[in-house]
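Sequences listed follow chains A and B, in order.
Taking our numbering, the leading residue of the first sequence gets 32, the next gets one more, and so forth.
Taking our numbering, the leading residue of the second sequence gets 5, the next gets one more, and so forth.
These are computed hints drawn from the structure, not numbers from a lab.
A portion of the hints provided could be inaccurate.
In silico negatives: residues of chain A with every beta carbon more than 10 angstroms from chain B [unchecked claim]:
| no. | residue |
| --- | --- |
| 1 | D41 |
| 2 | A43 |
| 3 | E44 |
| 4 | R48 |
| 5 | F100 |
| 6 | S102 |
| 7 | S104 |
| 8 | R112 |
| 9 | I119 |
| 10 | R123 |
| 11 | E125 |
| 12 | E168 |
| 13 | E169 |
| 14 | C197 |
| 15 | P198 |
One-sided and incomplete, this derived list gives chain B residues near chain A with beta-carbon spacing under 10 angstroms [claimed, not checked]:
| no. | residue |
| --- | --- |
| 16 | S12 |
| 17 | M14 |
| 18 | L15 |
| 19 | A17 |
| 20 | D20 |
| 21 | E22 |
| 22 | D47 |
| 23 | P60 |
| 24 | E61 |
| 25 | P62 |
| 26 | S68 |
| 27 | A73 |
| 28 | L78 |
| 29 | T84 |
The beta-carbon is built from N, C-alpha and C at its ideal position, and this holds for glycine as well.
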Amino acid sequence: MRTPGRQDGDEAELIERSRKGDSAAFGVLVERYQRRVVGVALAVVHNQDDAIELAQETFVRAYENLSKFESRSSFSTWLYRIAANLAIDFWRREGRHVVLHGEDAENEIGKLPTSSGDSFKEVSRSELSARLKQALEELTPEHRAVILLREVEGMSYDEISDVLQCPRGTVMSRLHYARTHLRTILKDVGGN
Amino acid sequence: MAECSEISMMLGAFEDSELEPNEMQEVAFHLARCESCTGILADYSTLGRNLRSFAPEPSLAGFSSAVVARVDRLPQPVLTRIERFLRRQLDSVGSGIAWGGAAAVAAIVTIILMTPLARQFATRGTQPAAIASSVSNAAVAPAQVASATAGEPTMADNDSHADISRLESENHSVAVWSEPRRDTTVIWLPDQP
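Chain A with its partners taken away, still in its complex shape (with noise of 0.2 angstroms):
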């Protein structure tokens, strides 16, 4: 995996020919983030078609846009920002969640039953991933990148931050909801 930060010799070549119209050298580029560009759009929308779709027209962006492109930044967390915002964007255009911040996730928070003791060791495998999916789904599209940022794509919450544009305080509470949120409904299903 690579590290953000400043680009090796190598890609900032590939990313200066792109800025060219050099299409193949733009290709090798996306041979080499497609997968967790699409991990991070898959960590919003939760729906692999459409992960792919926006991870497509995130590199279509990136390339229309290289010359905004400023090298001193990461070309990675570039991309990742351009795929993380458009697949908020394609969550809100669809309608179906309503996204809470600050004091209403607090609350939200609140209103979770709490619970010890590992919930899924009784859960069945096949069980467990149908909830899990389900659970994830119930989630704000913010709420659900920033666990899968972290638990799938194992960012670091700074990195996490410059990829959804918000606070690193903002990361922590989001992860804490969604972790509270997504142990409580499958401590339900355990208990089954």
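Since chain A is already given, all that's left is putting chain B on it; use the hints.
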């Protein structure tokens, strides 16, 4: 000892190792004494494992080629098109200059190599002309003879560079020689009785 409500807010970040060192220490101390918070932390850990385990792996076969195909179909912005046109022109002008330079160098080398040969050929070509000129001079000599005085043979005898080139007559009493310095052919006739 910190309250569970306070610590539970930090448990996720503790699991992710994203707390400050003093906070990490505080949570660790609390966990050593609190079964409830330890259970929640274990759940977070299991939740993370399950999320990774059940994460879908979308097939990306043909993904990059599809993106490149879309990128190739994009209409190019005017500025980009102008830039590419200029670059192509610059490239072709550059190669033209290179070819022109190579041709010029080849021409110069050819001239340098060929000039001595050309001179040599020119020299060979002028030699027959010089002979012809000499014969021609000999041919006009009789006209000069007509104006020659009787005392001239004496002068010729005294000139060590005088060169009798050829005899024009079977009559041994007549001598013909050329005098190259003066570009003159002299015909000596004895006094007539």
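So, going through the hints one by one against the coordinates:
Annotated as non-interface, D41 of chain A keeps its C-beta farther than 10 angstroms from every C-beta of chain B; the closest such distance is 17 angstroms. Consistency note on A43 of chain A: stated as away from chain B, and its beta-carbon is indeed over 10 angstroms from all of that chain's, at 19 angstroms minimum. With a least beta-carbon separation of about 17 angstroms from chain B, E44 of chain A lies farther than 10 angstroms from that chain, consistent with its non-interface assignment. Every CB of chain B is more than 10 angstroms from the CB of R48 of chain A (nearest about 13 angstroms), matching its label as outside the interface.
In this structure F100 of chain A is separated from chain B by more than 10 angstroms, as the shortest Cβ-Cβ distance comes to about 15 angstroms. Chain B leaves S102 of chain A outside its interface by the beta-carbon criterion, the shortest separation being 19 angstroms against a cut-off of 10 angstroms. Chain B leaves S104 of chain A outside its interface by the beta-carbon criterion, the shortest separation being 22 angstroms against a cut-off of 10 angstroms. Every Cβ of chain B is farther than 10 angstroms from the Cβ of R112 of chain A; the closest lies at roughly 18 angstroms, confirming the non-interface assignment.
Chain B leaves I119 of chain A outside its interface by the beta-carbon criterion, the shortest separation being 19 angstroms against a cut-off of 10 angstroms. With a least CB separation of 22 angstroms from chain B, R123 of chain A remains clear of the 10 angstroms interface cut-off, as annotated. No Cβ of chain B approaches the Cβ of E125 of chain A within 10 angstroms, the least distance being about 19 angstroms, so the stated non-interface status holds. At the 10 angstroms boundary, the C-beta of E168 of chain A stays outside the reach of chain B, the nearest C-beta of that chain being 13 angstroms off.
Against the 10 angstroms criterion, E169 of chain A stays outside the reach of chain B, whose nearest CB is about 14 angstroms from its own CB. Non-interface status of C197 of chain A relative to chain B is upheld: no Cβ of that chain comes within 10 angstroms, the nearest being about 15 angstroms off. No beta-carbon of chain B is positioned within 10 angstroms of the beta-carbon of P198 of chain A; the least distance is around 14 angstroms. Among the interface hints, the one on S12 of chain B holds; its C-beta lies about 8 angstroms from the nearest C-beta in chain A, closer than the 10 angstroms criterion.
Using the Cβ-Cβ criterion of 10 angstroms, the hint placing M14 of chain B at the interface with chain A is satisfied: the shortest such distance is roughly 9 angstroms. For L15 of chain B, the interface hint holds, the least distance from its beta-carbon to any beta-carbon of chain A being 8 angstroms, beneath 10 angstroms. The closest approach between the C-beta of A17 of chain B and any C-beta of chain A is roughly 6 angstroms, which is under the 10 angstroms cut-off, so the hint is satisfied. Annotation: D20 of chain B was flagged as interfacial toward chain A, and the flag holds, the nearest CB pair being 7 angstroms apart, inside 10 angstroms.
Here the hint on E22 of chain B is kept, as its CB sits about 5 angstroms from the closest CB of chain A, short of 10 angstroms. Proximity of D47 of chain B to chain A holds as hinted, the smallest CB-CB distance being about 5 angstroms (cut-off 10 angstroms). The criterion of a C-beta within 10 angstroms of any C-beta in chain A is met by P60 of chain B, whose closest approach is roughly 6 angstroms, and the hint holds. Against a cut-off of 10 angstroms between C-beta atoms, the interface hint on E61 of chain B holds, since the closest Cβ of chain A lies about 9 angstroms away.
With 10 angstroms as the threshold, the beta carbon of P62 of chain B comes within range of chain A, its nearest partner Cβ sitting at about 5 angstroms, so the hint holds. Hint status for S68 of chain B relative to chain A: holds, with the closest Cβ pair at about 4 angstroms, below 10 angstroms. Taking 10 angstroms as the C-beta contact cut-off toward chain A, the hint placing A73 of chain B at the interface holds, the least distance being around 9 angstroms. The interface hint given for L78 of chain B holds, since its Cβ lies 7 angstroms from the closest Cβ of chain A, which is under the 10 angstroms cut-off.
With a cut of 10 angstroms, the hint placing T84 of chain B at the interface with chain A holds, because the nearest CB-to-CB distance is about 6 angstroms.
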